[in-house]
Amino acid sequence: MAVVINGTTGIDTIQDGTVSTAKIVADAVTTPKIAETVNLGRRNLVTNGEMQICQRDSGVSGVTSTAYHVCDRWLNVINIGTWSITRQGPANAPNEFSNSLQYDCTTSASLSAGSELILAQRWEGQDLQHLKFGHSDAQSLTLSFWVYSSKTGTYTVEFDQYGDRQISQSYTIDSANTWEKKTITVSGDVSGSIDNDNTAEFQVLFWLAAGSNLTSGTFNNSAWASVTTANRVHPSQVNLADSTNNLFRITGIQLETGDTATPYEHIPKGDTYQRCLRYFFSSIRDENGVDRARRAFWMGHGTGNYLGAGMATFPAVMRTSPTCVPWRYSLNASSNQQGSGASGGIMYYNNQDFTHTYGYGVKAENWGIVGINCGENTTNGRASDNSHLMCGITASAEL
Amino acid sequence: MSEINFDWVRKIPDGEGGYDTDCYFVSIDGVECSVPMIEGNKEYDEIVKQVADGTLTIEEPTLPSE
Numbered sequence: 001m002a003v004v005i006n007g008t009t010g011i012d013t014i015q016d017g018t019v020s021t022a023k024i025v026a027d028a029v030t031t032p033k034i035a036e037t038v039n040l041g042r043r044n045l046v047t048n049g050e051m052q053i054c055q056r057d058s059g060v061s062g063v064t065s066t067a068y069h070v071c072d073r074w075l076n077v078i079n080i081g082t083w084s085i086t087r088q089g090p091a092n093a094p095n096e097f098s099n100s101l102q103y104d105c106t107t108s109a110s111l112s113a114g115s116e117l118i119l120a121q122r123w124e125g126q127d128l129q130h131l132k133f134g135h136s137d138a139q140s141l142t143l144s145f146w147v148y149s150s151k152t153g154t155y156t157v158e159f160d161q162y163g164d165r166q167i168s169q170s171y172t173i174d175s176a177n178t179w180e181k182k183t184i185t186v187s188g189d190v191s192g193s194i195d196n197d198n199t200a201e202f203q204v205l206f207w208l209a210a211g212s213n214l215t216s217g218t219f220n221n222s223a224w225a226s227v228t229t230a231n232r233v234h235p236s237q238v239n240l241a242d243s244t245n246n247l248f249r250i251t252g253i254q255l256e257t258g259d260t261a262t263p264y265e266h267i268p269k270g271d272t273y274q275r276c277l278r279y280f281f282s283s284i285r286d287e288n289g290v291d292r293a294r295r296a297f298w299m300g301h302g303t304g305n306y307l308g309a310g311m312a313t314f315p316a317v318m319r320t321s322p323t324c325v326p327w328r329y330s331l332n333a334s335s336n337q338q339g340s341g342a343s344g345g346i347m348y349y350n351n352q353d354f355t356h357t358y359g360y361g362v363k364a365e366n367w368g369i370v371g372i373n374c375g376e377n378t379t380n381g382r383a384s385d386n387s388h389l390m391c392g393i394t395a396s397a398e399l
Numbered sequence: 001m002s003e004i005n006f007d008w009v010r011k012i013p014d015g016e017g018g019y020d021t022d023c024y025f026v027s028i029d030g031v032e033c034s035v036p037m038i039e040g041n042k043e044y045d046e047i048v049k050q051v052a053d054g055t056l057t058i059e060e061p062t063l064p065s066e
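Heads up: the protein sequence lines correspond to chains V and U, in order.
Under our numbering, the first residue of the first sequence carries the number 1, and numbering increases by one thereafter.
Under our numbering, the first residue of the second sequence carries the number 1, and numbering increases by one thereafter.
Hints were generated in silico from the structure; no laboratory data involved.
It is possible that some hints are incorrect.
Just the calculated beta-carbon pair ranges, DEER-fashion [said to hold, decoys possible]:
#, chain 1, residue 1, chain 2, residue 2, range
1, U, Glu39, V, Thr30, 26 to 32 Å
2, U, Val31, V, Met299, 22 to 28 Å
3, U, Asp7, V, Asn221, 27 to 33 Å
4, U, Thr55, V, Ser222, 33 to 39 Å
Calculated cross-link-like contacts (lysine to aspartate or glutamate; reagent style EDC-like; alpha-carbon spacing at most 20 Å) [to be verified]:
#, chain 1, residue 1, chain 2, residue 2
5, V, Lys269, V, Asp291
6, V, Lys182, V, Glu96
7, V, Lys151, V, Asp104
8, U, Lys11, U, Glu59
9, U, Lys49, V, Asp164
10, U, Lys11, V, Glu376
We put the beta carbon where it would ideally sit given N, CA and C, even for glycine.
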């Protein structure tokens, strides 16, 4: 029935108290409508989802093993094929984004039973308590992302409570060498639990290849369940390692609570850099993986014993005491160099490289470095009192 | 499959006849690093696990060239 209000073109005011929730049609106000105009901040649980930050390196080649190789917070699990992994620029990203992460197969390989090729991000349990896993009102999760692949077919995304319980979903890349946006929603886990601590309690895994150990069971895409290895990956999962013509790119990864994918939450690059620093810090390279040559981070002095005493504070408190690599600081070197055995010094020691004999131990807290056990120097012996010591540092507190 | 491939894990002398109690000197896939002995550090937790599993032994310090 049409409503005419005194022949006017609209309603000037509505009396206070006359519009209640019950009087609004259920589908009149929806999340997508709100998201078009309202900034729903900090909803993306993913860090560095648009692949802007790469402190370790902007690209590596010849990759055959598992590590955080390029983009911060993104673990590359690899035991099949050889890969060139690079952060790509705007030309190889959807219009909305400035970067993507690219896998380029440089040596192909056939699947073995235990083959794994995965891109993963992990979370501390203390950051996911609001998911309410283990409760009747556990939050559903929606993952959205952009993918581009030379190889069409079925791919798998797995949601995993770090080995305890998991659920997977598949998606299809329909067109080769074309950016496609994918959205996946999974229910909350009313039976699981996420410990409230700073260790890895949850991960999302983008499978790019998987052997029969992972694909031979009944694909678990229906409900959260205890992990059965054979049920984790779709039986038709693409093997991205089967040809050197294969190339895969991904960016714009967003994980949020609820069952609706909202527009990607762009945050300033500096903010993303700060979030990444909780897990990895490099004094020798910037957020784009570019060398900061001739920069010392830690500086100390010899004590006449093995200890070099001196303090340096990380730019962000890290998740835990980090694993550290000292890097040579040398006025005579054009770039920082990593210490390596007796042939490579790690510190600048009274105008000489400090060539360690027994190794070194960086005494790192989660907030900074309080000293370095320098051991013996092959030519100078122990660092003498008040001798100068300095080095760059990479520090990893990754999950 | 272990995510971390230790080439070796070594104690570090403290210069007073004992060993450093804060960290190990470690090589992972050919990259040398210092791993703090603290639960929650990913590499340390993996060292503890592999030692318990009998697949890794903490080595005495030796000259790297030996």
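Hint by hint, here is what the structure shows:
At about 46 Å, the beta-carbon gap between Glu39 (chain U) and Thr30 (chain V) misses the expected band of 26 to 32 Å. At roughly 23 Å, the beta-carbon separation of Val31 (chain U) and Met299 (chain V) lies within the given 22 to 28 Å, and the hint holds. About 39 Å separates the C-beta atoms of Asp7 (chain U) and Asn221 (chain V), a value inconsistent with the hinted range of 27 to 33 Å. Judged by the Cβ atoms, the range 33 to 39 Å given for Thr55 (chain U) and Ser222 (chain V) holds: they are separated by roughly 36 Å.
For the given pair, Lys269 (chain V) sits about 19 Å from Asp291 (chain V) by alpha-carbon distance, which is consistent with the 20 Å threshold. For the hint pairing Lys182 (chain V) with Glu96 (chain V), the CA-to-CA distance comes to about 15 Å; that is within 20 Å, so the pair holds. A hinted pair counts as satisfied when its Cα atoms are at most 20 Å apart, and Lys151 (chain V) with Asp104 (chain V) qualifies at roughly 12 Å. Simply put, Lys11 (chain U) and Glu59 (chain U) have alpha-carbon atoms about 6 Å apart, close enough for the 20 Å limit, and the pair holds.
Between Lys49 (chain U) and Asp164 (chain V) the alpha-carbon distance is near 18 Å, which keeps this suggested pair within the 20 Å criterion. With a CA separation close to 14 Å, the supplied pair Lys11 (chain U) and Glu376 (chain V) stays within the 20 Å bound.
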